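K.L.:
Could you use the hints to bring the two separately framed chains together as a complex?
Protein chains in written order, with the working numbering: chain A, 1 to 311; chain B, 312 to 638.
In case anyone wonders, no lab produced these hints; they're calculated from the structure.
The model shown is predicted, which means the values in this text are computed figures rather than measured ones.
Every residue gets a Cβ at the ideal spot worked out from N, C-alpha and C, and that includes glycine.
Check the hints yourself; a few may be wrong.
Derived, one-sided and incomplete: chain B residues facing chain A with beta-carbon distance under 10 Å [to be verified]: (1) T353; (2) G464; (3) E521; (4) R555; (5) D557; (6) N604.
Pairs of lysine to any residue residues, derived as SDA-like cross-links and limited to a Cα-Cα distance of at most 20 Å, are as follows [unchecked claim]: (7) A:K153 with A:E178; (8) B:K359 with A:A109; (9) B:K359 with A:V249; (10) A:K231 with A:Q203; (11) B:K359 with A:N209; (12) A:K153 with A:A176; (13) A:K238 with A:E285; (14) B:K359 with A:R108; (15) A:K231 with A:V249; (16) A:K238 with A:D256; (17) B:K512 with B:Y533; (18) A:K153 with A:Q203.
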Amino acid sequence: MFNRRTLIAATAAFGLSVSATALMAQNEQVTIGLALPSLTLDFFDQIRGAASAHAEDLGIELIIVDANGDSARQVDQVQDMISRGIDALVYVPAGATAAAVPVRAAQRAGIPVVTLDRNPPNAPGDTFIASDSVAGARNIGEYLVEMTGGTAKVAILQGQIGTTPEIARDQGLMEAFEGHPGMEIVAAQPANWLQDQGFNIAQDMLQANPDITVFVGRSDAPAMGAAQAIKVANIDHKIWVVGFDGLPVALEAVRDGSLDATATQQTNLMGRLSIDSALALLQGEELPAEQLLDVTLTTSENVQGFIENHP
Amino acid sequence: MEPIAKRMQKRPLLSAVVGWLKQITGPLIGLLLLCLVLSLMTDSFLTKNNLLNVMDQVTVLGVMAIGMTFVILIGGIDLSVGALLAVSTMVMGALNAYAGVPLPIAMLAGVMAAAIGGFANGVLVVQLGVPSFVATLAMMSIARGVANITTDGTQITGYSAWFSELSIIRYGGLLSATVAFFIFLALVCGVLLSYHTMGRKIYAIGGGSEVARLAGIRARAYTMWIYVFCGVTAGFGGVLLATRLDSSDPSAGLGWELDTIAAVVIGGASLSGGVGSIGGTVIGVLIIGVLRNGLNLIGISPFIQQIVIGLVIAFAVILDQLRLRRG
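Next comes chain B alone, as it looks inside the complex (with noise of 0.2 Å):
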């Protein structure tokens, strides 16, 4: 727990750049040594246009898993934010298809939606004392229902043009509107995590929740609110994969929440709550990302690509145990 204990102190910026280096180094040289074997083996690896590639097909992962980083960091687990995103595409869907809502309400609606998801799995955790587990279980089968139910189980396609545009154009041939939410987004929950007393609070009451209570943390309120930012993020996940697929599907983003707790425990955070940081998690994000991506431009026959994945989330993990038992 000494990585918390040097939180609480104040100390220079240089000290601090360090200290978060040297917090995801394992995640981080795992991703350049990923990066340096694929562009040995393929030339369309390190390309412009393949990186971008890979930042927009990590985008809507890449919003969820910081959401679960959150959660995680407090102990829990949110096995719902796959099927949330389906209520948030669905609900946004529905609304502009059926409705006639124009789009920028019907997003926000759709967000909301799954906000809602993320509340209940608040309440049943915090009030009702459900294991974070089982609580998220049942929501996962209950928002996949609803999602099924916005539309009778049928897809929409085509949305406006600008919509699908978001993630299409990219800006100064770099970033599209998608992906530049996605880093923004990592950026803020990132300083906040890392440089506000709210993120000390929370790697406090992941730390032990009955200890960071004592030392006057509303653990029980910030428990609340993580569940539902975790909702809101599966929420925007909902809106940025529609706007990639120019549709909504209900069945989408289904076994996404295996996906997403994989980034982040590849970016180094720990089950068991208290460890873990937004760097780690868009490290872990990125290797998911580029590992599919890699693949993929080899060529590699779907069934190996399969065993390559597992293989390297266990690698990832011991190299993990293995730093911090030396460490």
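In isolation and in its complexed conformation, chain A is listed as follows (with noise of 0.2 Å):
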């Protein structure tokens, strides 16, 4: 598991906090400004808290917004960031778009941006900080392959189209599923990271296909409402569902049973990581361009230890 990735990210992350310190000792008052997209999106709301909980132990001002999945009012608050006299944003891109206004608006101000989950192709950010999310979700599918021999009626719960989710998501699920033939996807429809959705999607989906054997969620919360789908439409045979994220409820749920795996994300390593970062480009130190996070294949058997203590 344990990856040369991993080690620099480890090593990154280490060296980051020695320079966070010692920013701080020179008793400065920083502010850093986190543009989120969504805080109904439990994913993001664990970074927003992993990061403040951070930036408060680092004595760091954040400012928090959120765009509430509008690509427009992101816009509009980090420019409001900026005339507020941020030092450094970190910016989650909210839509599919993944607005390179933010990005350019920054560097206009001289303030460096850290990027996370989603990176703008034409502006990308100093640092882009994500999860290797192609090699979690080739986890899940080698997973699936595996536990079904190889012969499965796949049903996918897409996330919104375009993202960079989206996309890696759906590349790494393919690359496990090449060469098996058997593993037939029967049915794809976006239920845009909800779990409404994900339900009602899911239930239409074993009403015209009652013969899937697979559900995947492109997120844990569109594959907790295909597992609430099953459970109402009493179904006589087995039906794997699995997730992506790690979300806390979802770790809950592959314990109990209604999960049979997710791909737990380092969801407080990034929040933190974002916040270091930001302090490192501060200084004016080089990060590399990309720094992705591994993602670990969750099942039953290790999901007390990411219950007991969420990375």
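P.N.:
So, in structure tokens, the structure goes:
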């Protein structure tokens, strides 16, 4: 599990916290802006929690804005934070577009930008922090191939079409299914990362294809919706349900058996690393263009450790 | 209904200005109070650069709210503007990026596409007698679907440099082209509505369309064109948003119909029709913009922001009700 990338990330994280301490020693009030896409999604709320706890430990002022899924609103908010005089920006793009405008605006104002989770292709941040979604989804796919013996009717609850995580997780899953023609995809529809949409769409999919044997949620929330739909539908055969993210509620669902597996992202580390990276950029340090964090396949066998101590 | 009667009379310029100011006093005092509180709470609010930022930020909402003002004045409502904005931005984007149509023509086509949606709203309301709430609710869903179909749900990023500079470069250090467009549109519509016979007829329709019809006003034709115009302003909104984001997204403008209606209502318009003005709407738009901007500047938690914005909407309308009752 501990490959070279983990080591690099760990070393970077250590180095960053050292420089963060050094910066604090200068006794300057540092203000960092955190632009989040939508706090109705638990994943981002978890990042908010981790980042603000870490900022408080370091004695940094952290300003948080929530775009409510609206990329235009987010441009306004970033503009406002720049007017307010933030020293560095942590930008988690909203909407499918991953608008380049906030990055450009911050860079025009001479403010370093850390992008998190999604990166505008035409104007990347000074450093980009994300999970290795492709590898994580590949692990999920390989797990499914193993569990179903390579024959399954697969239904996919997609994320918002066109977003980086949706594209990367699709790619990973398809890589795992390659060479296994028995893994047949019978339905795929966007549930937009939402539990209630996942529930409804899964219900309709089961109505149309009662012999579905696998539900892949591109994130945990729609996967949990699908699990509920299966429970309600009284199906007479085993249906495998997998998610992605490793949200605390989903980890409990894995422990209790309503989800079979998820891929746990190091959400808390992401929150902390984004603050540390922003501080390092302020110190004038060079950071790698991409800092990819490992994602761990989580089943009932290893879930307890993640519940007790979320990475 | 006194304001209408007053409007019908000819009167000198001075009393016209006084009358106009009277009509928007409530919202105007609210806006000034808000600015006062915000400039006391943070140094970064009352700076030239920040106030220009606010103008940039409210432009799309403002342009759409102008169209909505007309609809609300005649006692209607348009829930489809957010989705029509998405149709406009996607039609423009797809024509330019996939079909290689030059941007100016693609921009026109985007606005036209939204106008067609507005026309359909008009047909439903005027010809088929569907209540405007239901007709435009249906259009909201249809238009969102159309916006998604144009590119199969994916976004378009990166336009020509001159296009995004329309909302970036501030001419004379003050106005970007997009903000100038908003101000121009507000002035033209404000003058037409207050000083042209067309405006008086629109107020008359809002006061009671049967009476207006008996008075010889072609209420059906006016209603039709007002829905088309509201679609056109949503179309403008789609183009303006694309310059601001340098991209087009089929999920753009989700829920914006509610912001737009809120702006018009905060500006003193009545949802039962006949009362309201462009000046009031512009102030309503500025109240929403200044409030969001200020809360971000102060650094108030996003959860508290939602509560504050809701309270301000409720408070603005309560104030107006009290004023009307006394007045």
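K.L.:
Of all the hints given earlier, name the ones this structure violates by number, lowest first.
P.N.:
Hint check: 3, 9, 11, 13 fail, others pass.
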